[in-house]
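Participant: So the protein lines, in turn, are chains A and B.
Last residue of the first sequence: 318 (our numbering), numbering continuous.
Last residue of the second sequence: 152 (our numbering), numbering continuous.
Simulated from the structure, these hints should not be mistaken for lab results.
Beta carbons: idealized from backbone N, C-alpha and C, even for Gly.
Be careful, since some hints might not be right.
[What the hints assert, rightly or not] Each pair of labels, with its calculated beta carbon distance range:
hint: 1; chain 1: B; residue 1: Val44; chain 2: A; residue 2: Arg307; range: 43 to 51 angstroms
hint: 2; chain 1: B; residue 1: Leu53; chain 2: A; residue 2: Lys304; range: 51 to 59 angstroms
hint: 3; chain 1: B; residue 1: Leu66; chain 2: A; residue 2: Phe199; range: 56 to 64 angstroms
hint: 4; chain 1: A; residue 1: Arg271; chain 2: B; residue 2: Ser38; range: 48 to 56 angstroms
hint: 5; chain 1: A; residue 1: Arg305; chain 2: B; residue 2: Arg91; range: 26 to 34 angstroms
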Amino acid sequence: MAIESRHKTNKNFAMSGMTDIVFLLLIFFMITSTLIVPAAQNVRLPESNNQTQANPVLVVSIGLDKSIFVDDQEYSLNELEGVLRRKLADYGEAPTVRLNADRDLNMEEVFTFLDIAKRNRYKVILGTRPSG
Amino acid sequence: MDNFAMSGMTDIVFLLLIFFMLTSTLIAPNALKMLLPSRGQVTIQGESRIPTVTIHSGSRVAVDGRTVSMEDLGMVLESRLQGLPDPTIKVVTSPTVSVGDAVTVMNVAAERNYTVVLKQL
Numbered sequence: 187m188a189i190e191s192r193h194k195t196n197k198n199f200a201m202s203g204m205t206d207i208v209f210l211l212l213i214f215f216m217i218t219s220t221l222i223v224p225a226a227q228n229v230r231l232p233e234s235n236n237q238t239q240a241n242p243v244l245v246v247s248i249g250l251d252k253s254i255f256v257d258d259q260e261y262s263l264n265e266l267e268g269v270l271r272r273k274l275a276d277y278g279e280a281p282t283v284r285l286n287a288d289r290d291l292n293m294e295e296v297f298t299f300l301d302i303a304k305r306n307r308y309k310v311i312l313g314t315r316p317s318g
Numbered sequence: 032m033d034n035f036a037m038s039g040m041t042d043i044v045f046l047l048l049i050f051f052m053l054t055s056t057l058i059a060p061n062a063l064k065m066l067l068p069s070r071g072q073v074t075i076q077g078e079s080r081i082p083t084v085t086i087h088s089g090s091r092v093a094v095d096g097r098t099v100s101m102e103d104l105g106m107v108l109e110s111r112l113q114g115l116p117d118p119t120i121k122v123v124t125s126p127t128v129s130v131g132d133a134v135t136v137m138n139v140a141a142e143r144n145y146t147v148v149l150k151q152l
């Protein structure tokens, strides 16, 4: 008498479902890897090849016309400290902020921002672009 | 032939997936750390030994009051900081100096792994 298992496995491996998921992940990582370099608002960044591992939680851009952007939204200098405090309240002790300043901007404007950062104990990294 | 051979394509897609996953984690943004002098911080080993690089408007650079050219800056700093355990320089900028000039000086320091403390004149 032939003993036969009642549980028969399907010999054909169904790959299409997995391929769908892998495709989806591929597209996700392709898009995030291109979005990772934030396009600065009409700011021409100074050149430097130095890289930092610090992970900024938000980006402050100051253009040559002294316009101030926090993550793509424009604010006046008076609003800036309040906006930063509100946005960075959830990020613990010393959150890192990336400053994208135009290369022809005067340091005076940079220091008005740095004073705010110092008062609130933010770490600041200055955004640059690779030279050459 | 009614069987669509998917395995080859799946191999390629997997390879691409792994490539993009790795590159997206390895990317480090180009940026310079900005350190500010804090009130609570006590400087060890006497602050007088830390060279002060002053940038005046018009890209004029001076180390401890002595004017140097941008090309010589690295050499001057190297001779000043040779053998020190934690080389630090203070960069003082006048208000009308452009960000680009300050970054040029900070680059010189970053290339040599010096810590830069920024101050306004």
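Participant: Confirm or reject each hint.
Facilitator: Hints, one by one, checked against the model:
no. : hint                                   : verdict
1   : B:Val44 x A:Arg307: 43 to 51 angstroms : holds (46 angstroms)
2   : B:Leu53 x A:Lys304: 51 to 59 angstroms : violated (37 angstroms)
3   : B:Leu66 x A:Phe199: 56 to 64 angstroms : holds (57 angstroms)
4   : A:Arg271 x B:Ser38: 48 to 56 angstroms : holds (55 angstroms)
5   : A:Arg305 x B:Arg91: 26 to 34 angstroms : holds (31 angstroms)
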